[in-house]
Amino acid sequence: MGLPYTDSVALETLTIRSGSNQLVVTKNSALISYNGQIILLPSPIVREDNRWLAPVEFLTTGLSRMTPIEFRYRSGTSRLFVGNIEAPELEMNAQTLGPITRLTLRSAIPINVGVKREDPTKAILSLNVSPLDPARERIDHRDRLLHSVVFDDSDGDSKIVLDITREVSDLRITPADNNRIFFVDLLRKGEPVTAAPATEAPATTAAKPDSVAPDRRVRVVVIDPGHGGMDSGAKTSAGIEKDLTLALARRLRTVLQMRLGTTVLLTRDADIALDNEARSAVANNNQANLFISLHIGYSGNKMESTSSIFIMKEGFGETVSQTSAGNQLFLPWYLGYRTHRQGSAAAATMLQEELIKQISGWKFAIRTAPLAVLGSATMPSLLFEIGNLNNNVNAQTLADNGFQARLVNTMVDAIQRFSESPQAAAN
Amino acid sequence: MPRHIKIGLIAMGIGLAVAMGFFVNIVGRVQSMMKNDREIEENPFKAPQPLYAPTDPPVAVKLFFPAASGEPLLTAEDEKIFKSGELANRAKQILQKLQEGPHSESMFPSLPKDTKVQDLFISEQGIAFINFSNTVALNHPGGVLNELATVYSIVDSLTYNLPEIKEVKILIGGVEKETLAGHCLLLLPLSMDLSLTNVVPREEKTASLR
Chain Z
0 MGLPYTDSVA LETLTIRSGS NQLVVTKNSA LISYNGQIIL LPSPIVREDN
50 RWLAPVEFLT TGLSRMTPIE FRYRSGTSRL FVGNIEAPEL EMNAQTLGPI
100 TRLTLRSAIP INVGVKREDP TKAILSLNVS PLDPARERID HRDRLLHSVV
150 FDDSDGDSKI VLDITREVSD LRITPADNNR IFFVDLLRKG EPVTAAPATE
200 APATTAAKPD SVAPDRRVRV VVIDPGHGGM DSGAKTSAGI EKDLTLALAR
250 RLRTVLQMRL GTTVLLTRDA DIALDNEARS AVANNNQANL FISLHIGYSG
300 NKMESTSSIF IMKEGFGETV SQTSAGNQLF LPWYLGYRTH RQGSAAAATM
350 LQEELIKQIS GWKFAIRTAP LAVLGSATMP SLLFEIGNLN NNVNAQTLAD
400 NGFQARLVNT MVDAIQRFSE SPQAAAN
Chain P
0 MPRHIKIGLI AMGIGLAVAM GFFVNIVGRV QSMMKNDREI EENPFKAPQP
50 LYAPTDPPVA VKLFFPAASG EPLLTAEDEK IFKSGELANR AKQILQKLQE
100 GPHSESMFPS LPKDTKVQDL FISEQGIAFI NFSNTVALNH PGGVLNELAT
150 VYSIVDSLTY NLPEIKEVKI LIGGVEKETL AGHCLLLLPL SMDLSLTNVV
200 PREEKTASLR
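Going down the list, the sequences are from chains Z and P. One point on numbering: in numbering that gives the first Met the number 0, the residue at position 425 of the first sequence is 424, and numbering is uninterrupted. One point on numbering: in numbering that gives the first Met the number 0, the residue at position 119 of the second sequence is 118, and numbering is uninterrupted.
Do not take every clue at face value.
Ranges of calculated distance between the beta carbons of each label pair, as one might list FRET restraints [unchecked claim]:
1) Z:Lys356 - P:Gln48: 38 to 46 angstroms
2) P:Gly172 - Z:Glu313: 28 to 36 angstroms
3) P:Gly172 - Z:Asp162: 24 to 32 angstroms
4) Z:Val392 - P:Val58: 38 to 46 angstroms
5) P:Gln98 - Z:Glu419: 47 to 55 angstroms
6) P:Ala52 - Z:Glu313: 40 to 48 angstroms
Which stretches of chain P does chain Z cover? Using the computed rule of at least three CB atoms under 8 angstroms from a CB of chain Z, they are [as the list claims (entries may be wrong)]:
7) 49-61
8) 100-107
9) 144-153
In short, the hints are calculated from the structure, not lab data. Yeah, the Cβ is synthetic: ideal placement off N, Cα and C, and Gly gets one too.
Isolated chain Z, as found in the complex:
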């Protein structure tokens, strides 16, 4: 890079200069000094055979201050972008959907994807854009059809190598969102294609004109079907809360994946019990951009039919954190909500607006409450309590397939709006 430097063997330091700026690194130390300011690297810089070996972060946090050259590095990948290179982001995720396995590709710009099956256990998806910036280079998704997905551009061409099983009879690619989303479905031998759930729907959504290229910021959504296992939640002769929440969550997952190509995770995908902390932990551990807990209401009043969108009560636990900060080492974990309360409020407002617009005859109120499942979620998060299970008309409507589909589509509209809003970007 043409920067002058002094390599002092006696002092075991390397000094790099650029104008009046000076960067000093010391052998076997993770601390570097930029004009006297100390910067900590994740691992020490070592010297071997007259060469200095530094962690990649030395470029992004150290050397980048000395040169106008931009370094971009996504931790966990083996890719470093040097200079002002346009590399559109690429996201991949794989999911087992009943008899098929679906790989979803999401690109920041429209691309073309071709498929070639080299041998029975290997398929290659070639992408016509290079370079690309993959959020993850490898997915280990093991099921009956797929073993791994690896992004590879070592020869300069972007491609995705699929390690598949002999059971895969065909690969079908469906573009959506003006060629920004691709669903790659692995079909099993002997399975009729129509048995694949919702393979037709992407085509219809793809046909939807998407005039502006919206920058979608919600990539991972965690949905929490309330209750489960021994904890059935509200229970009446018309239905059980834990079953209804799971059915709605699964539906919401499918529609979110199909329409927005979002990575969707459920806190539970079976009738099992989970505590509140474990539910928000799923969202925290997967860096979710949105967390939605689904519940069905119960009121002593059989005529009541209010639905509520809950966000965490403002200022909850504030007095504790104020008094604790000075004399205690740890703050209560359930104050995590405070980092994204504004985002939660914005998401709740958008959900309420869409619901009022599209689901007539129902009341949707935004409320605040000290709720355990929201307290420790460190992303915009809300709890949606739908209807009143004690109201027979409500309970019948909630169990109706058509209503569920309408409700879930409305929720996805709201999530799409939130995803394109600045509030989602603030996360």
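Given the coordinates of chain Z, assemble chain P onto it according to the supplied hints.
Just chain P now, with coordinates in the frame of chain Z:
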């Protein structure tokens, strides 16, 4: 009257008197046994102490119950308790009234069936610790909003009427629980939230009167 008849009548009279006495005694014994049983059931360790003295003056309170209309979540019902010397006894009277439920048909009971207050004490900082029986959680029918109504019916009824109580900490079955019935966090003491009710906070009311 022949002598043997006289003796017979006297013997019968004595027998009757003894039988009467025995009978009365049995009734008394049964009555006292039943009374003992009831006392043991209500409080196994100590005789119940009255929550107020006959000379204590009545005082008006507002009790918050879930509104049938759903909006606002809680509506106030006017009630009377007796102004006992001890703050804890006044708090217990309010909780007793909550357990009895509302008189108005436009409101619903806020506490689940068979909910009992096992114990109550108030700390120097004005935090009322209430230990409810497990039934408050076990018999709760569910629903987030419904649970919120139960929690704030307790919190608001105590903090609104007894300003010395700043916060309420709910314990269940003698221990601290994360939530009441799965939703509402109980790990921190809760303070009054009148935004859920149809009642204006006292300070705002006095401010508007000026």
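To see whether the hints hold, each was checked on the structure:
no.: 1; hint: Z:Lys356 - P:Gln48: 38 to 46 angstroms; verdict: 59 angstroms, violated
no.: 2; hint: P:Gly172 - Z:Glu313: 28 to 36 angstroms; verdict: 31 angstroms, holds
no.: 3; hint: P:Gly172 - Z:Asp162: 24 to 32 angstroms; verdict: 54 angstroms, violated
no.: 4; hint: Z:Val392 - P:Val58: 38 to 46 angstroms; verdict: 44 angstroms, holds
no.: 5; hint: P:Gln98 - Z:Glu419: 47 to 55 angstroms; verdict: 51 angstroms, holds
no.: 6; hint: P:Ala52 - Z:Glu313: 40 to 48 angstroms; verdict: 43 angstroms, holds
no.: 7; hint: 49-61; verdict: violated (count 0)
no.: 8; hint: 100-107; verdict: violated (count 1)
no.: 9; hint: 144-153; verdict: holds (count 3)
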